[in-house]
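Asks: For the sequence shown, position 18 (counting from the first letter as 1) is numbered 18 according to this note's numbering, and the numbering increases by one without interruption.
Treat the hints with caution; some may be incorrect.
To be verified - The calculated label-pair distances, taken between Cβ atoms and stated as ranges, are:
hint, residue 1, residue 2, range
1, Phe54, Gly22, 19 to 25 Å
2, Ile65, Gly33, 42 to 48 Å
3, Met8, Pro43, 51 to 57 Å
No lab work stands behind these hints, which were simulated from the structure alone. Quick caveat: nothing in here was measured; it's all calculated off a predicted structure. Even for Gly, the Cβ is constructed at its ideal location relative to N, Cα and C.
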Amino acid sequence: MEGNIAEMGQFVGAGLACVGMGGAGIGVGLVAGNFLSGALRNPAAAGEQTAMVFIGIAFAEALGIFSFLVALLLMFAV
């Protein structure tokens, strides 16, 4: 009985850790959407901000990757 409860706890924890991946998707969408709205308002400044957009997307996506790794560790760690 104890093994089943521990296994259930692993899967519940992994599922909760996966919430961070959804947050990363929302973050990437916000960064890209705000860049597009700003680029459409001022196209001359859009070229200078492209590198910052990619850095922002990378940071937001890194949090999703970290939460995925935590979920994998919770599922497969002994």
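Asks: Does each hint hold? Answer for all of them.
Replies: Structure-based check of each hint:
One distance hint, 19 to 25 Å for the beta-carbon pair Phe54 and Gly22, holds here, with the actual separation near 21 Å. One distance hint, 42 to 48 Å for the beta-carbon pair Ile65 and Gly33, is violated here, with the actual separation near 21 Å. The hinted window of 51 to 57 Å between Met8 and Pro43 holds, with their beta carbons roughly 54 Å apart.
When held up to the earlier numbered hints, the structure conflicts with hint 2 and nothing else.
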